[in-house]
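What the sequence shown shows, in the numbering used here, is residues 1 to 325, in sequence order.
Worth flagging that the hints you see were computed from the coordinates, not collected in a lab. Please read these numbers as outputs of a predicted model, since none were measured by experiment. Just so you know, not all the hints are guaranteed correct.
To be verified - In silico DSBU-like links for lysine-lysine, alpha-carbon gap of 30 Å or less: (1) Lys-262 <-> Lys-201; (2) Lys-278 <-> Lys-262; (3) Lys-262 <-> Lys-118; (4) Lys-278 <-> Lys-201; (5) Lys-262 <-> Lys-145; (6) Lys-118 <-> Lys-145.
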Amino acid sequence: MESSVSPLPAIGGYFELELPPALGHLYPDALRLQSARASLLALLRQLRPSRLWLPRFICPTMLEPVRRSGVSLCFYPIDHNYRPPIDLAPAPGELLLYVNYYGICDEQIESLLQRVPKERVVLDFSQAFFSPPPDCLATIYSPRKFFGVPDGAYLCSALNIPQPAETETLSLERFRPLLTRLADSPEAGYPHILEARRTFKNQEPKRMSQLTERLLASIDYPRARSQRRMNAAQYHTAFGDLNPLPIPAGASPLAYPLYCEKPDLREILAAQRIFVAKYWPDLELAADSATEAALAEHTLALPCDQRYGEADIARVIAALRAALN
């Protein structure tokens, strides 16, 4: 909720949540909003393009801001290496949005920006927090995909997009699943995380909350990046020969994406309390979207984040190898 308390810093009284010192944001010059979809809505309202090209393979929540903006929408396919068509060419006045899938698509983006004018390219880096923003129109980040924060997004752009007048007020409510997992279990917090996700629907763009600002400023980003890189490398050593997906050396991804068509692997791992996300479970695809459907169904997003070390990753590897045999 909005506070009417004096802006003077408080001294004394009860303690707040104990956090490490605030060292700053990884993207200090970015516009700080409450969600990736709100960032896209703010961008589209500012630019009013005649059309936005989206990949078929994209989080369905990102369709909401496009429809709310009134911008015409057109879809394009990707191949098994997450590459868009080589002849994809948005016209003047149109924009193209591309997703850095799992944070492993820097090479694909470099190739795209050699073919498409940079002022027509918007990049969705919701799954690529540690990839710096390329030279393009705008890059959108979603830190809650990488860290235990209730909300927040960064919009990196040279455009003069106005800061929203209103600040996000729902961060405290969205904090419940994070605390429940810490105090109890991920299973106990799961209904609350689903409810928290629903609160982002149809929101107007708002400033990032003070709570989320402080949490993000306290994160040890070099350690998180390094741990993710080591964990992904451990998976790749184990499964690289089996994995047809292009995994660049040195990546610090959202998760380690392993493409495998054996059925029921997520359920087998979940029975051992190894939870593997599906991107995206409610994806709606046209009949001619076989490649995207296969990527959604058969890619295992193996957890590789900074919460886990070598022994944890070895446990996942052992469980998956047993399921594959």
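Okay, the hints, checked on the actual structure:
1. Lys-262 <-> Lys-201: Violated, because 34 Å separates the two Cα atoms, which is more than 30 Å.
2. Lys-278 <-> Lys-262: The hint holds at about 15 Å.
3. Lys-262 <-> Lys-118: violated, 40 Å
4. Lys-278 <-> Lys-201: holds, 20 Å
5. Lys-262 <-> Lys-145: Since the Cα atoms of Lys-262 and Lys-145 sit roughly 27 Å apart, the hinted pair holds (cutoff 30 Å).
6. Lys-118 <-> Lys-145: holds, 26 Å
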